[in-house]
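**Q** Here's the letter readout for the chains.
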Amino acid sequence: MTTNKYSVLNTRVHNVDGYAKVTGRATYTFDVKLPGMLYGKILRSPHPHARIISIDPTEALKLPGVRAVVTGKDTLGVKQGIWRRYPELCDEQILTIEKVRYIGEPVAAVAAITEEIAEQALDLIDVQYEVLPFVDDPMEAIKKEAPMIHDGVERNVNVTRHIEWGDVEEAFEEAEYVREDWFKLGGQAHMCMETRATVASYTSDKKLTVYTSTQSPYYHQALLAGVLGMRESDIRVIAHYVGGGFGGKFELDASQFCASVLSMKLSKPVKIVFTREEDFIATKRRTPMYYYVRTGVKKDGTFCAREARVFTNGGAYTGMGATALYLTGFFHSFPYKWKAYRYDGYRVYTNSLPSSSMRGFGAPQAMFCSEQQIDWIAADLGLDIIEIRRKNAHTTGYEVPGQATIGSCGLNQCLDRIEQWIKAKGTLPKNRAIGISAAGFMTGGIFNWFDSPYSFSSAVVTINYDGVVELHVGAQDIGQGSNTTLAMICAEALGVKLENIKVHSGDTDHCPADLGAWGSRQTLMAGNATKMAAEDAKKQLLEFASAKFGYNIIYDLDIKDNWVHNVARPERGMHYVDLVKEALRGKDGQRIIGRGHYTPHRKGMISPAYSYMVQAVEAEIDAETGKLSIINCTTAHDCGQPINTLGLIGQLEGAASMAVGYGCLENMPVEDGKIMNPNLVDYKIIRAPDMPECEIIEIDTYEPEGPYGAKEAGEGLTNPTAAALGNAIFHATGLQMKQAPIMPEMIVNAFKEKKKEGGTP
Amino acid sequence: MEKQLLRFYVNDQEYELFINPKTLLVEALRDHLGFAGTKRGCDTASCGVCTVIVNGMAVKGCSVLAVQVNGMNITTVEGLEKEGKLDPVQAAFLDEGAFQCGFCTSGMIMSARAFLNETPAPKDTMEIRRGIEGNLCRCTGYNSIVRAIDAVAKGKYREGA
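Chains as they are written, first to last, in numbering that gives the first Met the number 0: chain P, 0 to 760; chain D, 0 to 160.
The shape of chain D in the complex, shown without the other chains (with noise of 0.2 angstroms):
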């Protein structure tokens, strides 16, 4: 198959890649560019590991192709934290010990990224629990994952609370 050329930003810098049209964008973020926070799980788009936000919505990295997102934001784990400094999804993560063996985190946290700039507010945590359902864990139950988001969601980690 011709390559084509693909130009996005990742992490707010702009990569321009000349790629087989078939490669999935986890694999043009892994493979290509190195970005390997982001994991691969299965091959039915069903656990969620392979999370990044694409112009502001979680998408499955392995659901889209690279050439898809030509001209589109890409955020991947490795972009959330700005000098020296966690997103609060991440500071949450760790104050409710919200992981176990990590190979879910990445893509659990950005899942939970988006969801809280969609939904500021939610109103229960069934809404929060409904908002990372296409993100699979096996170690933690979830619970300690929701309780993170939703301190987030409360405000703890806002500047000066």
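Chain P with its partners taken away, still in its complex shape (with noise of 0.2 angstroms):
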């Protein structure tokens, strides 16, 4: 065990909101009552495909209680997206005007005095619809036949991303072995605890307060600007508290929306509170694929060459989806070199729920496909399962041909810890096996698909003169701890103690713009503004100490643990605060203010830095019943510096949990369009008694970008396990399960079909 160099970093802390979160006190977006506040519901299409003849309010209105009822032409009809850059993708009208793409889709708004009166209304608004043919599947959507959706989108094909590099017909030349498989991957609600929800509070001298349970306040500011047609300045969007995102919260939504505009046509606060089966039908879910992987490799497991076409189930509108589609192509080449790789994706607009990000952001799809396939091809060739991806593995400073560079990588050892906790394990019972998967993550996206004027991320430092810091940040803290994360690494860097910071986030008001909590980029790029942010300030009070102690000017200065001292003799120095008080008059009463922006430059196309893993599943299935049992799930894991020790394992345990989920539990079947199990009784998630213990094996590296040399936890960690768990039922059954989530019924009929082809099972 290596000493901790850090005074705060990688220590046990309270999380900052700790005390608010366990007293009950934090107030949600769900909680904000303000004076004179109306209720508002949303009316919403019930069918897939159809377009609206007409739309008649009058019974509502006569509703006592009833104080507006809006459609799409009380707006300003703008189509948006989060993917401001392309016009052709900003697609999605909240509140449509001329159809209806999926079912669910909002129509009108209601405001009441009550949230019951304003439901009743929506049963009194009239629609006619002229019901239209509908799609809901993307391999019979792109058929030529197929209705069209978004009109002129030709076979409803919304967007292709193309990635190659090397020669790949050669290198499939040079391959001893070929293999190709057809995959399944289903979608995910990322069921947050607090549905969507927004308090909107328009008053007429033309300024708009936004409560709202986002994980971008500066996002939802100005891609309410647009809709809204008002300076983004003039929008305030406050989220101090909110209830899980893991994706699902970034782009504009309908709770947000229709509020702003109930509440600017009546100048009265309005809130809108999705229910729990509006959260699962109407919002966005984890995008559902379909995987064509051929892969070649030399008899040896010399990876040759892949490529892999994928189509994708876009739902009714682009939102992050377009971005899935990139990163999914891109991380089903990791972590491995090939030699040539090839991929084409294309996401296909459906009569469904759009489909977007969700933790893992297109990663845990193409690992699932990869991975296990992986598995295959090693055991066509009885290559050592270890073996086969050590000698395929990323290692530092390789080069990802056009894409990406990687600057640390603790890959291999990954592997070894993995290899070395498997062999410690020794003879499993019977229908029990353990299954591997590598995979990486990215540490914060480069692209400005947005295009944001602002620095990706930004941090002001001001310095009290009792030595309290005010860090300002505009990264979002949506449960994952970045408030800790930060206020940890303000206090590191300044030299003061943790209790000396307080985090001001969450109020687009107060703190600097940020792109907010998605991709997991705020410990890295949240992190270098604070960083540089606290250095400014300390610089400073620096400056006031050196001509203060008067010594040689060779010397350094520091500070640490509250003590400013001269680095050769640490003895000789003072307390902080009493340097703080004597710097402050130094500057006529001012306070010290320190600034800290990043941007990521010369980083590749993808992301700035990579995180690692290797994680073994070990699973039971029962043949008769198909059930499966997660015994345990052990994770070898790379992210450079640990900086938060309790949050960063909480953060992997809570990735781990919503990763069993995607392997073998939460199915989110489709019927004519419909999601037939909109609700906590049908959609199951994991419950504490089938959660498996998480080991943890930390790999020690550091990421020259990072701050500290800290990367990617938490999100990079939903990639691995569904295809370790699909690789234990492999090597406890030899099933191939090519379906995701592997539910037991496709088990048990996967070892049906195995008994007809003659195979033992």
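Hints were generated in silico from the structure; no laboratory data involved. Watch out, some of these pointers could steer you wrong.
[As the list claims (entries may be wrong)] Derived lysine-lysine pairs resembling DSS-like cross-links, with alpha carbons at most 25 angstroms apart:
| hint | chain 1 | residue 1 | chain 2 | residue 2 |
| --- | --- | --- | --- | --- |
| 1 | P | Lys32 | D | Lys21 |
| 2 | P | Lys737 | P | Lys754 |
| 3 | D | Lys21 | D | Lys2 |
| 4 | P | Lys501 | D | Lys84 |
| 5 | P | Lys183 | P | Lys755 |
| 6 | P | Lys264 | P | Lys72 |
| 7 | P | Lys559 | P | Lys547 |
| 8 | P | Lys206 | P | Lys267 |
| 9 | P | Lys496 | D | Lys84 |
Combine the two chains into a complex, taking the hints into account.
**A** Spelled out as structure tokens, the structure:
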């Protein structure tokens, strides 16, 4: 065990929002109440595809207590999307005017004095539809004869993506073994404990305040400005506590838009909270995909070539789905060195719930296909599953041709440690096996399709007279603990104790712009901005200390644990708070202010840094019922320098719970465009007794681009689990599972199929 | 529907409400009395974020009508901290980082408190897991919550420990 060279980083500390959360005092959007507040409800389409002939609110408006009904005609009718740089991808008009494209799409919104009255009013709105033929599967929607979902979009192809390097044909020629498989990957609900919720408050001085459950206050400020025709800075977005996000809360949602439109019409605060059913049927979901994978290798296991063709079920609109299409193709190559690689992705519109980003961002789907196929290839060639991965693994300094440079990579150490762990397990009982999967993930995206004119992350550090530090960040804490992580980085950089730091986030009026909490960007990007701001403030303090102490200028001064001192003679110095008091006097009473920002430059196409991991899942399969029990889920994990010890463990365990759900539990069946299980009775997520033990083996690496060497943790670990589970089933039974989530009936059917073919189960 | 008189105790304080009998307990607590620490997360009594303690038992506040608890003692998350001292369960949740977004935390803490009152010495961690089976958490994967409850059960937060 190496000793920790840091005073604050990598120590066990209480979450800075902890007291508020354990005492019930954390106030979520769900809890916000404003004087004179009205309640809104949204009328949703019962049809997967239909033209709107007319909407008549007359009867609804007669209901006592109803204050307003709005439809698309009361709005500017702006087609919006989060890919703002590309107008053709801004395709979603919340409160659609001409057509509905999925069941649950908003067509009107009501404000009333109670939620109950608003709900009753929905039934009184008369909407006439012309029902159109619909299509809810991408392989059907891409056919010539399929109904056209968006005018002028041929074959419903919304976005295509191509990634290629090397000479693919030649590399397949060199291969001594080639294998191809088709896979089908399901969707997954973000299922945040707090459903989408907004309180919008417009005042007649043309200012709008929006409390909302968001991963990115800045995005919502900017997106709302676009659809409401306002200046960004006249909109204040507040999100002090957010009940989960997981990739589902940074596009504009109907609670935000409809509450704002109603509030502007009435000049009253309007609150809209989605029911759990609305949250399931009318938000976004993990992108369902069809994956074709062809892989060529040498007999010794050297990877030669891979090509993948992917058709994703985009649902009705683009949103973040365009990014997921790119990232699934990129991470499908991960974490290996392919001599040649080709990916063609097609995102296809369908008449179903729009698909988007969700924790892992296309990578869990990619790994399910890639990592299982690697085990099947190893079995066919008689190769060891660790060895074949080791032979082809990314290493520090590797360049993914034309895409990325790997600044740090602990993948080989991860493989070593998991190999030891498996060996130590010895022989397992019958019907039980260990499956592994490797994975990697990005640490924030480099792309700027949002067209942000601001730095990707910014921070301001202000030091008060009593030494208390106000850290203002635009980064958003949605439970992942960014407030704590950034406070720790600030304390470490400044040389003060954690209790000196107050974090201010979740308010666009008071915090600098930041792209928010998605794509695992905050520890590195907001972390670098925070470190820079703290170092700027520290430099100002040390300039003063240097003048005050009067040492020979060759000496270095520093601050550590609240002690300002000469590095060569640490006992010589003064308390940090005393120094602050004097320094403020020297600045004519101004507080010390440090500024920091971060925007990635020259870091390739995807991300400034990549995490790596290898996970081993030990599972037991009941051949009679197909029931899976997950005994253990152990991960060797390289996230560079750990910052927030407790937060890191929590994030990794949480990722595993969501990923086990994706692997074998969270099924979202769709029939005739309708999600069949939009409630928590029928949509199962992991409960406490199902959750396996999750051992974490930290691999020590240093990422040059990260603050103190840190990189992504907590999202990437959603990637390997479904694949590792599939591999455990393969090693226990010989079954090859090509569909996720792996439901018990699929295992039972696969056993039957195998028996029919004459194999021994 | 004709309103009814409800008299009950919340966190040792007596309250009287004149209330529509359709009102759920969680609505009475949150919307009528302002105990907003208790949350709501589903419409099907499936998620447990509205869990409060009724006469010593963990009850989902959306699964009973307010008038059904007439005369009973309710404890919500706001009632756990006594004289500036956190309940051991709250302290353990802090120490173990047994929450992330925090939206399930109030209900989870109330379930844990009721479980430990009934089962001060759980025989293994699976018994703890079963004790909080009715509470969903989307963030933590539960293991840190189990460690927190286990630490309380093992006496780490006992006076003088």
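**Q** All hints, please: hold or fail.
**A** Here is how each hint holds up against the structure:
1. P:Lys32 - D:Lys21: 22 angstroms, holds
2. P:Lys737 - P:Lys754: Distance of about 18 angstroms is within 25 angstroms: holds.
3. D:Lys21 - D:Lys2: 9 angstroms, holds
4. P:Lys501 - D:Lys84: Since the Cα atoms of Lys501 of chain P and Lys84 of chain D sit roughly 22 angstroms apart, the hinted pair holds (cutoff 25 angstroms).
5. P:Lys183 - P:Lys755: Between Lys183 of chain P and Lys755 of chain P the Cα gap is close to 23 angstroms, so the pair holds against 25 angstroms.
6. P:Lys264 - P:Lys72: The hint holds at about 13 angstroms.
7. P:Lys559 - P:Lys547: 18 angstroms, holds
8. P:Lys206 - P:Lys267: 12 angstroms, holds
9. P:Lys496 - D:Lys84: 24 angstroms, holds
The structure is consistent with each of the numbered hints, conforming to all of them.
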